[in-house]
Amino acid sequence: MAKSKLFTMNEDRSLYPELDVNGKPIVDLTSHKYVKIWQGPQHPGVTGNMSLELTISGDEIVESKTHVGYLHRAFEKLLERRLFVQCMPTSIRLCVAEPDTNEYVISNAIEELGNIEVPEMAQWLRMLSLEMARLQVLLRQVPGQAGTFALGLGYQWGSYIRDLILDSFEELTGGRVYHMYIIPGGVRGLLPDGFKARLLEKLKLIDEFIPKIDKLIFNNVVFESRARGLAYIPKEWVDEYGIYGPASRGSGVSRDVRKTNPYLKYDQLDFEPFVTTEGDVYARTEVRRADLIMTVDLIRQILDKMPEKGDIKAETPNVLHWKIPKGETYSKCESSRGEYGMYFVTDGSAMPRRVNLKGPSYTHANALLDKLLINANIADTAAIMVSLATCPPEIER
Amino acid sequence: MQKGINNLIEKFGASDLEVRRPGLSFITVENTKAVAAITHLKDIDGYTILSLITAVDWIEDGIMQLTYLLNNPEEIAEIGLRVMLERKEEAGESMETIHHLWPNAKKWQQELKEMFGIDFPTSPGLNDPFILEGWDAAPPYRRDFDTNKYAEETFFPRPGRETHDPAEHMKKNMYPNNPSDYTNKKYNPNR
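Heads up: the sequence lines are chains S and Z, in that order. Note that the numbering used here gives residue 1415 to position 389 of the first sequence, counting from 1, and the numbers run on in steps of one. Note that the numbering used here gives residue 70 to position 67 of the second sequence, counting from 1, and the numbers run on in steps of one.
These are computed hints drawn from the structure, not numbers from a lab. It is possible that some hints are incorrect.
Some, not all, of what chain S presents toward chain Z, calculated at C-beta under 8 Å [unchecked claim]:
1) Val1094
2) Gly1095
3) Glu1266
4) Thr1355
Source: prediction; values computed, not measured. Using N, Cα and C, we set each Cβ at its ideal position, and we do this for glycine too.
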């Protein structure tokens, strides 16, 4: 593989705006040197409903500002007016792409503050549902990265297999996108008859899918020449900007909650998250490709190691009258985008006092994206956003 | 005990320690010592990641709680640092900024200003709209913000959104000439 070229700024700054004392470019639009354009909120190259206010010099971005607010439904405020069990259908809508992580973090927070012990069988089933959710995200995300460079075919292949995984979700939970399978105390049901065998058959399709996308994407000269060296994240930024998941592992910093703070039964699984040091869009795509393979392996391990039967839900108080003592906690798990956490405060009443969601996009799509886009070519904007897997509902909540 | 907790207690007079689980503790520090304590945690004790800043409105106690969640990736430990500010009737509580420690802190501070009305003087772009562009009412995440009242005052009721009592509605529409017929029908749930 070709060696990554390092991200370099254009040395000749004469075409760029001067900076004011705060480091902000002084842009005089009447000078005809710069053009201000909006990418989003409805744009195929934007992940979800957000927009970027871009100032362009030629075809190069000199300033970027993320605008959110198009999706704000005050979820955190709504949750303060809901019984704990009523929080579930609201909280899953905090992230459409991977709602299961919301189910887990909120259920885990309620259980921790309400002193509920989750049965072992339910923990395995939770883990299966979380890994299946990660799988369906990565099946679109890995080839989707190439889609931002106009290589859309892999995305279509991935979407087909993703649909088969959604079929499995429908079989297991009754829902394709929003599952509400993980509930406070446990999960809603056992595996249907024959579910394991059917899921294992579908996983074989992914084994065949990987060499195909290798040929189509990773060995493609267009993808490689455009993704290598693009949006380079130095290792030092990982802590400074609070970078998580594949974005940090693409820059040589191994961060995975499943390893650092093993929850559920992850300590009984054999896995090692892939880390590379290149730090560019290509590296982040490679990390996600490795994650895809690892997720398939984890699902196989879970299906192999999980008990055949057992309790799936702990006894909980009557959900209509469930009051949880005053307390606070931070519940977290590893989503496909990185650490996904929820700060949860109770005050002894039947409703949460405060819920604050912390998704990786909060930092990835704001401070980090604004910085990475400077000096990038406007045609690479979508690729940079997708490489960070920004999810606007995590920002607005 | 988790790394950094002793220092917080001895050097910064922190109190109300609550160990939630191994690797996650919450502790309260005075607002005048908070930024020094956070700097110490970051530079000396290895809490190099700012996971979040958020607020909890304890309106009945007259307290606005700020929570800074800091993460130490080497020790695999997190500290939730609580800072209790005196709650003001009309918003405008003030706290020192920490954007000089983490560049992404300014976004949380901007959000807290917008949603809770907490001021962080000198934080860049603090008063720029973040999520609520064109918002001129009180900060909406405070407990005393009346969502229903705001919606009624701000938005026009749309036709077709009125609600009906089912029994009255059926009487009126199915038996307009003789509403008493309704009471004799077997499908009347109130019979």
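Here's how the hints hold up against the structure:
1. Val1094: holds (6 Å)
2. Gly1095: With a minimum Cβ separation of about 4 Å from chain Z (threshold 8 Å), the hint on glycine 1095 of chain S holds.
3. Glu1266: Status holds, d = 7 Å.
4. Thr1355: Where the cut-off is 8 Å and the nearest Cβ of chain Z is about 5 Å from threonine 1355 of chain S, the hint holds.
Hint compliance for this structure: no hint is broken.
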